[in-house]
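Based on the provided sequences and hints, a complete structural model is requested.
Letter by letter, the chains look like this.
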Amino acid sequence: MKRYEFLKHTADVAVRVFGRSLKDLFGSAALAMFAVLLEKTKNRPGAALTEKEISVCGETSEDLLKAWLDELLFCYSVEHLVLVRIKSIEVAAQEMRAFVLFDAFNREYYAVRDEVKAVTYHELEVKKVRNRWQAHMIFDV
Amino acid sequence: MSQVWDGPLEKIDDYRWRIPRSYKAGMRVDGIIYADEKLLKDIRHDKAADQVANVAFLPGIVKASFGMPDIHWGYGFAIGGVAAMDIEKGGVISPGGVGYDINCGVRLVRTDLFEKDVRPRLKELVTGLFHAVPSGVGSEGDIRVTAREEKEILVKGAGWAVAKGYGTEDDLEATEERGAMAGADPEKVSDRAYARGKQQSGTLGSGNHFLEVQAIDQLYDRDATDALGLAEGQVMVMIHSGSRGLGYQVCDDFLKTMNACLDKYHIHVPDRQLACAPVESPEGRDYLAAMRAAANYAWNNRQCMMHLTRQVFEKIFASSWQKLGMRLVYDVAHNIAKIETHRVKGEERRLCVHRKGATRAFGPGHPAVPEKYRQIGQPVIIPGDMGRNSYLLVGTQQAMDETFGSTCHGAGRLRSRHEAKRLVDFHALMKELEAKGIVVMASGHGTVVEEAPSAYKDVNDVVGVVHNAGIARRVCRMRPLGVVKG
Chain U
1 MKRYEFLKHT ADVAVRVFGR SLKDLFGSAA LAMFAVLLEK TKNRPGAALT
51 EKEISVCGET SEDLLKAWLD ELLFCYSVEH LVLVRIKSIE VAAQEMRAFV
101 LFDAFNREYY AVRDEVKAVT YHELEVKKVR NRWQAHMIFD V
Chain L
142 MSQVWDGPLE KIDDYRWRIP RSYKAGMRVD GIIYADEKLL KDIRHDKAAD
192 QVANVAFLPG IVKASFGMPD IHWGYGFAIG GVAAMDIEKG GVISPGGVGY
242 DINCGVRLVR TDLFEKDVRP RLKELVTGLF HAVPSGVGSE GDIRVTAREE
292 KEILVKGAGW AVAKGYGTED DLEATEERGA MAGADPEKVS DRAYARGKQQ
342 SGTLGSGNHF LEVQAIDQLY DRDATDALGL AEGQVMVMIH SGSRGLGYQV
392 CDDFLKTMNA CLDKYHIHVP DRQLACAPVE SPEGRDYLAA MRAAANYAWN
442 NRQCMMHLTR QVFEKIFASS WQKLGMRLVY DVAHNIAKIE THRVKGEERR
492 LCVHRKGATR AFGPGHPAVP EKYRQIGQPV IIPGDMGRNS YLLVGTQQAM
542 DETFGSTCHG AGRLRSRHEA KRLVDFHALM KELEAKGIVV MASGHGTVVE
592 EAPSAYKDVN DVVGVVHNAG IARRVCRMRP LGVVKG
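Listed in order, the protein sequences are those of chains U and L.
Using our numbering, read the first sequence as starting at 1 and increasing by one per residue.
Using our numbering, read the second sequence as starting at 142 and increasing by one per residue.
Keep in mind that the hints are not guaranteed to be accurate.
[Unchecked claim] Incomplete in silico selection of chain L near chain U, CB under 8 Å:
#, residue
1, D187
2, G215
3, R337
4, Y389
5, D393
6, L396
7, D412
8, R554
9, S557
10, H559
11, S584
[Said to hold, decoys possible] Below, computed lysine-lysine pairings styled on DSBU-like, alpha-carbon distance capped at 35 Å:
#, chain 1, residue 1, chain 2, residue 2
12, L, K397, U, K2
13, U, K8, L, K179
14, U, K23, U, K42
15, L, K339, U, K42
16, L, K297, L, K230
17, L, K204, L, K152
18, L, K264, U, K40
19, U, K40, L, K397
20, L, K339, U, K23
21, L, K397, U, K8
22, U, K128, L, K397
23, L, K572, U, K40
Think of the hints as simulated: they come from the structure by calculation, not from any bench.
This structure is a prediction, so every number in the text was calculated from the model and none was measured.
Virtual Cβ for every residue (Gly too), placed ideally from N, Cα, C.
Here you go:
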């Protein structure tokens, strides 16, 4: 199953993400954001990964999704941590928790793409379409 | 967006178009877009005009929700929008009306050098600038700042750099707000924002930010160019950058705050990204104090980059920057909200003027214009794309009368970044620029392709509209010689 697709937007990056479940959708959204941020250029066998617990709250699924991506963006922009794998993730109605494995950013292994300034509220939407989940997001780059 | 926006655009004259209040229930004023027939076609190709109409919903808005000719689809507010709210009448301030990159802006530095002096050493110069001014994503500045100094910067703005020896009083004189807005409160800036802005002082950032070496290729107003000490062929430096991670986080923090208090103030907005609060409310005041702090951070940032630029010129041309005549012409903010007094229906009103992708363009005689420019009006700097031109204009009385002293801010995007990536071949583009004598250095191919000239409207058309509409006056035009991209 395709996990995300980029859509047309004049100034920024609009993306539609897909998931079999809500937690799968949150995983897809994280992958999509990191695909905007950078690209892996070389494999890094045996890299020591950093594990972090991320837990956030939000009143709606949209708020929760934004809060989750905000945390990941903060890890990337301040601690220069690159998402490698989500070890476990639980998403409830108004809170979510995940254990995430990160690699330290290194120009030898990653090529930087766009700087994501923020995950915007503009046209932010999470919905269930038949038995699948879909979200629409716009990143300000 | 592939479909065309087919909302109402009534022709007022050749350069002004109205979206009547009747277009959407809830609009408090009309929308007015500055454009000619050619640019209007581009404007109809995304949702920008609809966003101009949405901004007209905001409490306290006076006159009209304005769109400049470089307008394009943003989030909440369009990019290229001007909206002023009457503070006494419950007028609001909206972080989305400023944007994430608070005080993204442009500064223009003159030199006594001419193209013939720079051309033989252009590659060396561009390489030197590329290495001296850290640019790309996550890059950290050479100018090291302690945590205590960080807070000082948020209050003193460019004055911090000048006190450190990275410039002079004259630089501050030639900067909007003298490089620091009063009323900035570093305590209203979150720890997260500090963390994101740390070690980014003196860094360019990525995306559309750049540092360019340019040559003047056309003069329009000899009185103004004489007053500014500018001649054809003269080499200029333009720096386009903003408040980096610190500003992005301030905007994001306050969008959350204001989304949470919409009900409290009985405000209905058609898009969550338009979240706002009355200027005279705790949330509004706190945002204004934090926004001003971020704006000051950006002014310091551009001052630091100008200092690094002067050092590179000094090294390459073996002379001091003073002897090279590297004086700051002016520095403008084009993502900002300001409390200003303007005449509305014949009455002086205190307004909160949002300029998101719009430049202040105060006319001759205004006390906020530096004394040396008071005769000609405030300098307005309009960057174009890397293959075409950039402009120096001045503000006009007509801009004061019509648009709260505001005009356009750049060329304006035409195509999305992804579309540009799909359509533009990096090597072909570099060849094309090389044929024009333009040297480009960037940290990655991606940014260059995304910022290709074909991704933008022609800045000559945009500037033509504001000039002909009278909301700014052309002074001179530059073309790029060397480009440094993040």
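Hints, verified against the model:
1. D187: holds (5 Å)
2. G215: holds (6 Å)
3. R337: With a minimum Cβ separation of about 6 Å from chain U (threshold 8 Å), the hint on L:R337 holds.
4. Y389: For L:Y389, the interface hint holds, since the closest Cβ of chain U sits about 4 Å away, which is under 8 Å.
5. D393: holds (5 Å)
6. L396: holds (7 Å)
7. D412: For L:D412, the interface hint holds, since the closest Cβ of chain U sits about 6 Å away, which is under 8 Å.
8. R554: holds (5 Å)
9. S557: Check passed: Cβ of L:S557 comes within 5 Å of chain U, closer than 8 Å.
10. H559: Given a least distance of 5 Å, the restraint on L:H559 holds.
11. S584: The hint holds - L:S584 has a Cβ within 8 Å of chain U, the shortest such distance being about 7 Å.
12. L:K397 <-> U:K2: holds (31 Å)
13. U:K8 <-> L:K179: OK: U:K8 and L:K179 at ~22 Å, within 35 Å.
14. U:K23 <-> U:K42: Measuring from Cα to Cα gives roughly 29 Å; hence the hint holds.
15. L:K339 <-> U:K42: Given that 35 Å is the threshold and the Cα spacing comes to 29 Å, the pair holds.
16. L:K297 <-> L:K230: holds (32 Å)
17. L:K204 <-> L:K152: holds (17 Å)
18. L:K264 <-> U:K40: holds (30 Å)
19. U:K40 <-> L:K397: Status holds; Cα separation ~33 Å.
20. L:K339 <-> U:K23: holds (33 Å)
21. L:K397 <-> U:K8: Distance of about 26 Å is within 35 Å: holds.
22. U:K128 <-> L:K397: holds (25 Å)
23. L:K572 <-> U:K40: Holds, because 28 Å separates the two Cα atoms, which is no more than 35 Å.
Consistency with the previously given hints is maintained throughout, with no hint failing.
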